[in-house]
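Chemist: Sequence:
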Amino acid sequence: MLTIGSSFSDLHENLYDATCSKNIICSGLFFDPLSERCCAVQNEENETIFRLCSLDTSIPDLIFRSRRRNQIRSICFSSDFGAAIVQQDDAILDFLILTNGNVSAEFQQPPKFFKDASFIIGFNWLADRQLAIITDAGVEFCSLNVHRKSLKLLKSFAHSTSWFICFPDSKLFLFACGAATNFLHLISFQNNTISNIGSINVDFGYSAFKPRLLERDVCISSIYGHICILILKFDSSNGFATGLNIFEFPDEKQPFSSLPVFKYLIKFELFGLVGVQIVDNLILVHHKNVHKTLIFDIKMNTNQFIYCSSLQINENLVKCLKERKDKIENISNENNSINSFLYNSAWKMIQNKGFIIDMQFGIFTQIKLNLNKAVEEMKDLENIVQFLVNRSNSESELLNLLKRIILKKEINFGKVTQIIRKILYNPEINNENNSSPQKGKSLIFNYTPNLVSHNSILRCIFEPLYQHPEVDKKYLANLMIDFFLILKQRKIQIQNHYLPELLLKIVADAKMWTCLQQLLQYRVIDDSKFLAFELISLSDECPSLYQIALDMFNRRGNTDQISEALLCRGHVIDALRFTTANGGGGFREGGTTICNEGSGSQRLDKICS
Numbered sequence: 001m002l003t004i005g006s007s008f009s010d011l012h013e014n015l016y017d018a019t020c021s022k023n024i025i026c027s028g029l030f031f032d033p034l035s036e037r038c039c040a041v042q043n044e045e046n047e048t049i050f051r052l053c054s055l056d057t058s059i060p061d062l063i064f065r066s067r068r069r070n071q072i073r074s075i076c077f078s079s080d081f082g083a084a085i086v087q088q089d090d091a092i093l094d095f096l097i098l099t100n101g102n103v104s105a106e107f108q109q110p111p112k113f114f115k116d117a118s119f120i121i122g123f124n125w126l127a128d129r130q131l132a133i134i135t136d137a138g139v140e141f142c143s144l145n146v147h148r149k150s151l152k153l154l155k156s157f158a159h160s161t162s163w164f165i166c167f168p169d170s171k172l173f174l175f176a177c178g179a180a181t182n183f184l185h186l187i188s189f190q191n192n193t194i195s196n197i198g199s200i201n202v203d204f205g206y207s208a209f210k211p212r213l214l215e216r217d218v219c220i221s222s223i224y225g226h227i228c229i230l231i232l233k234f235d236s237s238n239g240f241a242t243g244l245n246i247f248e249f250p251d252e253k254q255p256f257s258s259l260p261v262f263k264y265l266i267k268f269e270l271f272g273l274v275g276v277q278i279v280d281n282l283i284l285v286h287h288k289n290v291h292k293t294l295i296f297d298i299k300m301n302t303n304q305f306i307y308c309s310s311l312q313i314n315e316n317l318v319k320c321l322k323e324r325k326d327k328i329e330n331i332s333n334e335n336n337s338i339n340s341f342l343y344n345s346a347w348k349m350i351q352n353k354g355f356i357i358d359m360q361f362g363i364f365t366q367i368k369l370n371l372n373k374a375v376e377e378m379k380d381l382e383n384i385v386q387f388l389v390n391r392s393n394s395e396s397e398l399l400n401l402l403k404r405i406i407l408k409k410e411i412n413f414g415k416v417t418q419i420i421r422k423i424l425y426n427p428e429i430n431n432e433n434n435s436s437p438q439k440g441k442s443l444i445f446n447y448t449p450n451l452v453s454h455n456s457i458l459r460c461i462f463e464p465l466y467q468h469p470e471v472d473k474k475y476l477a478n479l480m481i482d483f484f485l486i487l488k489q490r491k492i493q494i495q496n497h498y499l500p501e502l503l504l505k506i507v508a509d510a511k512m513w514t515c516l517q518q519l520l521q522y523r524v525i526d527d528s529k530f531l532a533f534e535l536i537s538l539s540d541e542c543p544s545l546y547q548i549a550l551d552m553f554n555r556r557g558n559t560d561q562i563s564e565a566l567l568c569r570g571h572v573i574d575a576l577r578f579t580t581a582n583g584g585g586g587f588r589e590g591g592t593t594i595c596n597e598g599s600g601s602q603r604l605d606k607i608c609s
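Per UniProt numbering, the very first residue in the sequence shown carries number 1; after that it's consecutive.
Calculated from the structure, these hints are not laboratory results.
The model shown is predicted, which means the values in this text are computed figures rather than measured ones.
Please note: incorrect hints may appear among the correct ones.
Derived lysine-lysine pairs resembling PhoX-like cross-links, with alpha carbons at most 20 Å apart [what the hints assert, rightly or not]:
1) K210 - K233
2) K491 - K473
3) K422 - K409
4) K288 - K379
5) K422 - K319
6) K409 - K473
7) K292 - K403
8) K379 - K319
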């Protein structure tokens with residue numbers, strides 16, 4: 001179900017190409033949160049080479065050089081790649097101004113407000129020219145002036161800090177302090193204004209084995225449209241993680257108007273090291289000892305994982321690892337190279353979107369869901385459907401699964417209609433749910449289930465099954481009728497001819513004539529000239545449909561078509577009387593039709609022949 005390496009970047013190889021030297025090992029690998037790329041750093045005698053790589057092969061690498069002073073500790077880029085910040089010292093930052101992918105200027109800058117701070121913990125870009133610098137004494141928000149090579153202080157917030165986490169999507173900051181670093185303070189920076197949200201004191205399972213809460217134990221992410229803080233819970237007897245506390249901001253429209261509240265406790269009885277990531281609203285708990293990943297979906301079940309799976313390596317990454325095994329010590333064969341890569345301690349796990357940086361192999365890659373594998377491996381059909389509805393970009397898998405369920409009648413009829421109701425997209429309701437006010441737009445993470453349009457259901461399920469030789473025709477006809485009624489109940493606008501025609505064909509193919517007559521007589525199916533012609537063509541098998549078709553023509557005022565239908569049946573006198581009563585017209589002369597409805601006459605030609 002989970003794959004790794006479908007897209008990856010070999011950072012050692014990239015540096016080899018960039019520097020044209022041999023046996024290059026990266027001096028450092030750093031993830032850039034705004035661009036979601038990885039920067040490989042190679043230190044030479046007097047300069048440092050930077051290569052910013054993306055998993056998207058259509059995006060070229062960004063390569064540049066700058067002067068070297070010390071070991072690179074961290075680097076991040078502005079969203080327009082016009083500037084970069086590099087930390088090489090405790091209390092000063094290097095700013096690189098980039099023009100056309102090259103360093104055009106450099107300058108150094110200590111903190112503006114917290115000048116007496118002992119060290120800089122970290123920094124984050126918030127916009128093209130806006131950044132946050134976090135020190136042990138607090139955070140300051142600044143704007144960069146590229147031309148003057150200087151920073152302008154916007155706001156500052158004093159708070160003793162041991163480590164911090166920034167969620168750049170919403171400009172949310174979490175500062176940890178206290179002896180056990182379990183006192184977490186939250187602020188947000190929006191529109192050049194600091195919102196002081198408040199503090200929470202977290203019980204993480206303090207013990208001699210686990211005396212402090214670490215940065216890697218905490219994650220901030222958006223799950224199903226809510227901003228959540230996920231904190232590992234540890235066993236006091238051994239210091240190993242046994243669960244995950246999830247705090248959620250309760251107000252979707254203004255999430256930072258109040259403190260997050262405790263929402264879920266996810267339990268996993270594991271012995272050993274774990275890592276947590278969020279992929280497509282799923283919580284992944286990687287277990288190093290057994291090389292397994294527990295998959296949790298809080299919309300489906302918070303008491304137990306929905307699936308346990310090992311990561312499957314893509315063939316291209318396997319090939320790369322085979323070539324790499326000779327260059328890394330303590331790896332003697334192919335299997336060892338693969339086993340040494342999976343779940344290894346050198347992984348730097350980016351907690352959102354499943355990014356992985358392997359510091360040992362120099363690989364930047366991503367964990368992705370294989371939804372086809374999920375359908376094959378998960379057993380409960382109703383759970384599979386709900387699982388797919390909760391995922392993004394799962395429409396094709398959802399339609400293929402439903403088609404298989406209907407064809408093989410894997411579940412009862414009532415549950416199939418429930419599934420259709422669940423997955424059917426209603427434009428009016430869903431568009432209303434998706435609309436949100438502009439104020440605070442950057443704070444809102446809209447989530448909508450992956451629903452399917454009625455046209456997709458028709459073209460990908462009912463139309464192929466109608467032509468399938470093994471389908472139960474009556475089962476399909478009843479299901480099609482229910483689907484049609486669901487559309488009517490929800491007032492979903494349908495195409496004029498396509499849906500009624502397909503419904504008519506499926507019901508007629510099942511020889512359910514009584515049911516078809518009731519649908520027509522009670523006007524469940526709307527009148528149309530097109531439908532009336534179809535009924536006349538079926539009247540040889542069910543004679544009563546002929547009169548229903550004439551009544552439909554009459555209600556619509558299609559007098560010419562009534563005259564032609566009567567003539568085709570040889571009812572000449574009736575046709576003359578009807579034509580005289582309705583002002584004439586509709587007779588045939590010399591093989592041509594004297595009427596304004598050419599397409600309808602062509603249909604009657606086929607019927608008469």
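Chemist: It remains to establish, for every hint, whether it holds in the given structure.
Modeler: Consistency of the hints with the structure:
1. K210 - K233: Judged against 20 Å, a Cα distance of about 10 Å means the pair holds.
2. K491 - K473: Measuring from Cα to Cα gives roughly 27 Å; hence the hint is violated.
3. K422 - K409: holds, 18 Å
4. K288 - K379: violated, 26 Å
5. K422 - K319: violated, 43 Å
6. K409 - K473: OK: K409 and K473 at ~12 Å, within 20 Å.
7. K292 - K403: violated, 32 Å
8. K379 - K319: violated, 32 Å
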